[in-house]
Amino acid sequence: MDHGRLMEDQMVLGGSQVYHYTTPTQSSQCIMVNQIDGSSSSGEGSKPVKRRRKRRSKGTSATNEGDVGEIGGMLRKRKLTDEQVNMLEYSFGNEHKLESGRKEKIAAELGLDPRQVAVWFQNRRARWKNKKLEEEYAKLKNHHDTVVLGQCQLESQVLKLTEQLHEAQNEIRKLSERLEEMPTNSSSSSLSVEANDAQFDFELAPEPETNYNNIPFYMLDNNYLQSMEYWDGLYV
DNA sequence: TTGTGTTTTACGACCTCC
DNA sequence: GGAGGTCGTAAAACACAA
49 MDHGRLMEDQ MVLGGSQVYH YTTPTQSSQC IMVNQIDGSS SSGEGSKPVK RRRKRRSKGT
109 SATNEGDVGE IGGMLRKRKL TDEQVNMLEY SFGNEHKLES GRKEKIAAEL GLDPRQVAVW
169 FQNRRARWKN KKLEEEYAKL KNHHDTVVLG QCQLESQVLK LTEQLHEAQN EIRKLSERLE
229 EMPTNSSSSS LSVEANDAQF DFELAPEPET NYNNIPFYML DNNYLQSMEY WDGLYV
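If you count by this note's numbering, then the first sequence holds residues 49 to 284, one letter each, in order.
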């Protein structure tokens, strides 16, 4: 049986040599893997070896304008023309999926192999998906930066207020000391009691660190909660 | 010119759906 | 089981700095 031109794969991996047979009339192939030398392997014989693949040479649709050429008996990979790419892009813009009839139609219009059209759509979908992911990432990062900025602002506000609180406490302490030094009479004693009560209240006031240490700040933020709802929505 | 990084084309493996 | 999907990747084509 004539398998046509034998194209030898350049890769010899894991002690196996891979050959591709292509027939002159079609682009189909069969792959033959021969064990060529067990001793030359890396000593991991039981490990599954990933075969590197030889690209299939495409003999079809060679009608394309001058972008198919042979180099040393091998057909080189074709780059689609600008016009073909534009048409494919237009088609992709209309519909990302490619049903059989549409594929045949586009292929016929562009003088391409239907398989090429299918592959182009597959790759285009992958690129589109990557782009979408990048956009989502940028959006999320932007939101994250905003939240972090808000956190910084609030933290500095907390520091400022804590400082004010300590100043006020000092002021009260000084006042109560001064009152204690004054001679005792009915009106001053009532003042003293008020001052002491006030001090007592301040001493009971919780330190901000004690309150917020155990809860990540961003979890208290409304934007954070909204973003969590957003992601929940994406993954259900 | 050449080395190197990126993009494009193509394929195999695997999965899902009808 | 076949068609068409995604995913990962090989390799050609291309861009560009050194």
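No lab work stands behind these hints, which were simulated from the structure alone.
It is possible that some hints are incorrect.
As the list claims (entries may be wrong) - Derived DEER-like restraints, expressed as beta-carbon distance ranges: (1) K187 to N218: 42 to 50 Å; (2) L209 to E184: 36 to 44 Å; (3) E183 to K127: 37 to 45 Å; (4) K153 to E183: 25 to 33 Å; (5) K179 to G149: 35 to 43 Å; (6) L188 to V133: 29 to 37 Å; (7) H191 to H144: 56 to 64 Å.
Owing to the predicted nature of the structure, the values given are computational and were not obtained by experimental measurement.
C-beta: ideal position from N, C-alpha, C; glycine also.
Hint check results:
no.	hint	result
1	K187 to N218: 42 to 50 Å	holds (48 Å)
2	L209 to E184: 36 to 44 Å	holds (37 Å)
3	E183 to K127: 37 to 45 Å	violated (28 Å)
4	K153 to E183: 25 to 33 Å	holds (31 Å)
5	K179 to G149: 35 to 43 Å	violated (28 Å)
6	L188 to V133: 29 to 37 Å	holds (31 Å)
7	H191 to H144: 56 to 64 Å	violated (27 Å)
Violation of the numbered hints given earlier is confined to hints 3, 5, 7; the remaining hints are satisfied by the structure.
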